[in-house]
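Now for the letters of each chain:
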Amino acid sequence: MSKMTAVQYKTKIEPVWCPGCGDFGVLNALCNALSVKEVDPKNMVFVSGIGCSGRLPPYVQSYGFHTVHGRVLPIATGIKVGNPDLTVIAVGGDGDAFAIGGGHIPHMARRNPSIVYIVMDNGTYGLTKGQASPTGPLGMKTGASPYGTVEPPLNPIAMALAYDASFVARGYSGKNKELEALIVRAMNHRGFSIIDVISPCITFYNTYKELPPQLAAIPADHDVKDRAKAFELALRDDKIHLGVFYENERPAFEDRLKETADKARGAGAPKLDEIFLEFA
Amino acid sequence: MSDIVFRFGGEGGEGVISTGELFTTACARSGLEIYTFRSYPAEIKGGHAMIQVRVADVNILLSRGGTADVLVAFNKEAYDRHYKELRDGGVLVYDNTDFLPDEDTRTIKYPIPFNKIAMEDIGIRLTKNMVALGALSELFGIPQDKFKEICREKFGKKGEAVLQKNFLAIEAGVKYVQQNVKKADSLRVQPSGRQPRLVLSGNEALSLGALAAGLNVYAGYPITPASTILEFLARELPKTGGSLIQTEDEIAALGVVCGASFAGKKAMTATSGPGLSLMVEMLGLAAMTELPLVIVDAQRAGPSTGMPTKTEQSDLMMAIHGGHGEAPRIVLGLTSVEDCFYGMIRAFNMAEYYQTPVIVLTDQALAQREASIVKPDTSHLEILTRRLPTAADLADYQRYKITPDNISPMAIPGMPDGFYSATGIEHTEAGGLNYEPANHGKMIEKRWKKIEGVLKQPWITKNYGTPNPEVAIIGWGSEEGVIREAVENGNKEGMKLGAMHPKILWPFPTEAINTYLKGVKRVVVPELNYSGQFAKILKQNLQDRNIDVISMAKPGGIPWSPAEVLAQAKEASKHYV
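One line per chain: the protein sequences are E and B, in this order.
Mapped onto this note's numbering, the consecutive letters of the first sequence carry residue numbers 3 to 282.
Mapped onto this note's numbering, the consecutive letters of the second sequence carry residue numbers 1387 to 1963.
Because the hints were derived from the structure by calculation, they are not lab data.
Please note that a few of the clues may not be correct.
Keeping only pairs whose Cα atoms sit at most 30 Å apart, straight-line, the calculated DSSO-like set for lysine-lysine is [to be verified]:
{"no.": "1", "chain 1": "B", "residue 1": "Lys1832", "chain 2": "E", "residue 2": "Lys14"}
{"no.": "2", "chain 1": "E", "residue 1": "Lys44", "chain 2": "B", "residue 2": "Lys1832"}
{"no.": "3", "chain 1": "E", "residue 1": "Lys265", "chain 2": "B", "residue 2": "Lys1828"}
{"no.": "4", "chain 1": "E", "residue 1": "Lys260", "chain 2": "B", "residue 2": "Lys1904"}
{"no.": "5", "chain 1": "E", "residue 1": "Lys14", "chain 2": "B", "residue 2": "Lys1787"}
{"no.": "6", "chain 1": "E", "residue 1": "Lys265", "chain 2": "B", "residue 2": "Lys1835"}
{"no.": "7", "chain 1": "E", "residue 1": "Lys14", "chain 2": "B", "residue 2": "Lys1828"}
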């Protein structure tokens, strides 16, 4: 396969996103990363949940599976287990990831399949017109919380670290080069990687103005193998840090499954008929 | 001919069930046909456990049988619960160190001090089960060597000392009977001299069927009574190079299955009612994106947690209609242990051929009971795989192209030029999102028409008994054997009974059933649920509105017996004018 440019990775389908949506930035960074990694589109599957960000798969030249709300991770796991040679990238929003689908993340971290999970995090449910999401701030006023929300937001990075996901990073859709680099690094990582990408909703929760002064790059001397230090950074409330918080290589799920099959088979693959004899 | 129903009852966790299983294997190795039924407490220790083993030298056993011929009571509770179901002239074998039965002359009674022999002669209390097997061996003529052979296979790993204790216990049981019991009954189990049978539980046969069908990815969450499928395949699937995942919940299980199918693999999950309830949203996704996959529902008494260890057939409506919108799926009912094997091959074949979710209904009674079957010949099985796109299809690939049979060639990731994005949103033939009512109408019809093709399959129904019967019996799923036995017994008495047993439950085999019922006035429908779910669907689909449908529905716990079904058929024929 000859090297494809980022533009060649985009299909001709026009995204449904509002002009100025952070998700355009994510799509651009993704296609740049695919070009850098020279991924063969025929061996790539984009899996998504429900929400504005869930619309992404057909915008990329690849196979895609736009699934149900909150279940992107189990379905992505099935694809990876079904064919470990595929590059599997899961995408979705913060409602998908941390509300309805939040129960799957710890188990992805435990299993550690080589899947990149990009969460386009905007603190709101854009597609249902702006209700507060689990990452929206306390007191956020929306149609479903006219007096302000009474639940403080959760911290996706601290949560992923607590679950011991083997690659944890945060990006910003407005910093395209940096985001591209994070995606490339996540794709190089063997195991489950989660990138929480702050991707503002220009229509219902526009944070483009207030966000930039709060952002800071993770210090260059941060040791990504130091989980305790990563927690410290994640729990800081003066700054929102961008970059790789934590990276720890350990055996990937697909490799462990293969080991199990090899162990079960022993010397050679038994025929079905031999299994029957166990019941004679 | 011998045909004897043995029932074992005692304290849960004390080895009653495994005693029954050893007894079962020994009989199957003697070339006899077997049919077991069991009832557990939901608790791991304590409660009452029962296993019934029907043993015969006939060709096929259709049901667990009616009343017991032999009751082996390890404690008073077993006696209290089961004695009334021991037939007149039957044999009570009981542990007289535990209790003494009431004095009556209705049955023949053999007191054998299992506990005392185990404690005093062997020194290990739990060897009382082996003492009991030794006693049964002597009383009913099952060679004790068979028991010893199975003990060696089962306990051999625990060392020679343990094995010898078990052998001694068997011999002690034999000896006690020889010295103290005068046989007053005529029951003998006759080794048949035929080839040994395989003894499989429904869940084991079903799992083997899945392997034979080419299962590659299994995902599941533990739930009674489906967990033994998870455990069986955890052991056997990796040997064939496949993968098994125990997921965090049933939603994730079906998610993994959807993903694996999308990636081109044969995939399945197995669960029980509560798990199927959780899966129905994603079932809609699978129907919408036309994914081949198999979901087994081992039904148990519901609703909610219900009675996890008791059988029921109450998930039929959910299997057919569960979920929002109108999501077509094929629903099959497994009918016997042997059918569990072949039925799963059909399930995978239909899932692959029609690119659709297939729900397979079994139930606790069928899942956990064991029966003997002749070893399947795996070299002659027809195994189907999904239709893949040709080069011409890929030149202008449309994933959901409407074809004459509405089945669209399915591209698999890795294929050049097969790019498409599957989506739960309504889509065009090319796969693009589309909200036009006309397109929705066209695509929903494509998906529904597609699965109707399955009704042309030759196996969808099976008939028994008299053609053009005066009373027909139509049941479904695991009631098959019971109905068949009722029909055979009724016809022996001179009745004209017939049965049709559909193996497919959805799409409903309307034409086959209506053709069968031409000229029939009354249909008895036995099933294990409160509301008569199948009977209702049957009524909706009858062309002849004059046919009287007699619903014979009871909520779960214990399957119907052939005698009960026959009694209902007799009642129906009385009114026949």
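Hint check results:
With a C-alpha separation of about 27 Å, the suggested pair lysine 1832(B) and lysine 14(E) falls inside the 30 Å cut-off, and the hint holds. A distance of roughly 28 Å separates the Cα atoms of lysine 44(E) and lysine 1832(B); the hinted pair therefore holds under the 30 Å criterion. Proximity of lysine 265(E) to lysine 1828(B) is assessed by CA-CA distance (about 50 Å); at most 30 Å being required, the pair is judged violated. Pair hint lysine 260(E) plus lysine 1904(B) does not hold up; C-alpha atoms about 56 Å apart against a cutoff of 30 Å.
A C-alpha spacing of about 21 Å is found between lysine 14(E) and lysine 1787(B), which places the hinted pair at or below 30 Å, so the restraint holds. For the suggested pair lysine 265(E) and lysine 1835(B), the alpha carbons sit about 45 Å apart, so the restraint of at most 30 Å is broken. Only pairs whose Cα atoms come within 30 Å are accepted, and lysine 14(E) paired with lysine 1828(B) is accepted, the gap being roughly 25 Å.
The structure shown violates the earlier hints numbered 3, 4 and 6.
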